[in-house]
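**Q** Per numbering that gives the first Met the number 0, the sequence shown starts with residue 0, numbered consecutively.
Check the hints yourself; a few may be wrong.
Straight line, CA to CA, 27 Å or less: simulated DSS-like cross-link-like pairs of lysine-lysine [said to hold, decoys possible]:
id: 1; residue 1: K34; residue 2: K8
id: 2; residue 1: K82; residue 2: K34
id: 3; residue 1: K58; residue 2: K82
id: 4; residue 1: K28; residue 2: K90
id: 5; residue 1: K25; residue 2: K58
id: 6; residue 1: K25; residue 2: K8
id: 7; residue 1: K25; residue 2: K64
id: 8; residue 1: K58; residue 2: K90
No wet-lab data here; the hints were simulated from the structure.
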Amino acid sequence: MAYILLQMKTPATEVINQGEIFSTGKLPKLPDFVKRTHTFVYIDDMVQSLSLYQVPDDKLFEGMKALNQRCTGYFGIQGVSFKVNPLMEIKDALSLVGL
């Protein structure tokens, strides 16, 4: 399994707009192979969310593309930003340095 982290930042003044877009069901659908396992939210100068997704190894690029496409549904909201990053488990990262 491969992992993808979606990080999203939203100004507090725009959270209601974001929630309305999310709840309408009008965002691009994710493929069945993209499984959200956790979402965490915290607040500092903005409302931030971290969502962890699992995808089959051979579908990593397609999964990242689908998450980016879904986030385009928020483009009309002032100040929203997001990042989509692949993650490695520690055992895979250690193998990069020969351990």
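**Q** Next step is simple, just say for each hint if it's right about the structure.
**A** Status of each hint after checking the structure:
Proposed proximity of K34 and K8 is supported: the alpha carbons are some 21 Å apart, at most 27 Å. Taking the CA atoms of K82 and K34, the gap is about 17 Å. The hint holds against a cut of 27 Å. A distance of roughly 18 Å separates the Cα atoms of K58 and K82; the hinted pair therefore holds under the 27 Å criterion. For the suggested pair K28 and K90, the alpha carbons sit about 32 Å apart, so the restraint of at most 27 Å is broken.
Restraint check for K25 and K58: the C-alpha separation of about 24 Å stays at or below 27 Å, so the hint holds. Simply put, K25 and K8 have alpha-carbon atoms about 20 Å apart, close enough for the 27 Å limit, and the pair holds. Of the supplied pair hints, the one linking K25 and K64 holds, its CA atoms being roughly 18 Å apart against a limit of 27 Å. With a C-alpha separation of about 20 Å, the suggested pairing of K58 with K90 holds against the 27 Å cut-off.
This entry does not satisfy hint 4, going by the numbered hints stated previously; all others are met.
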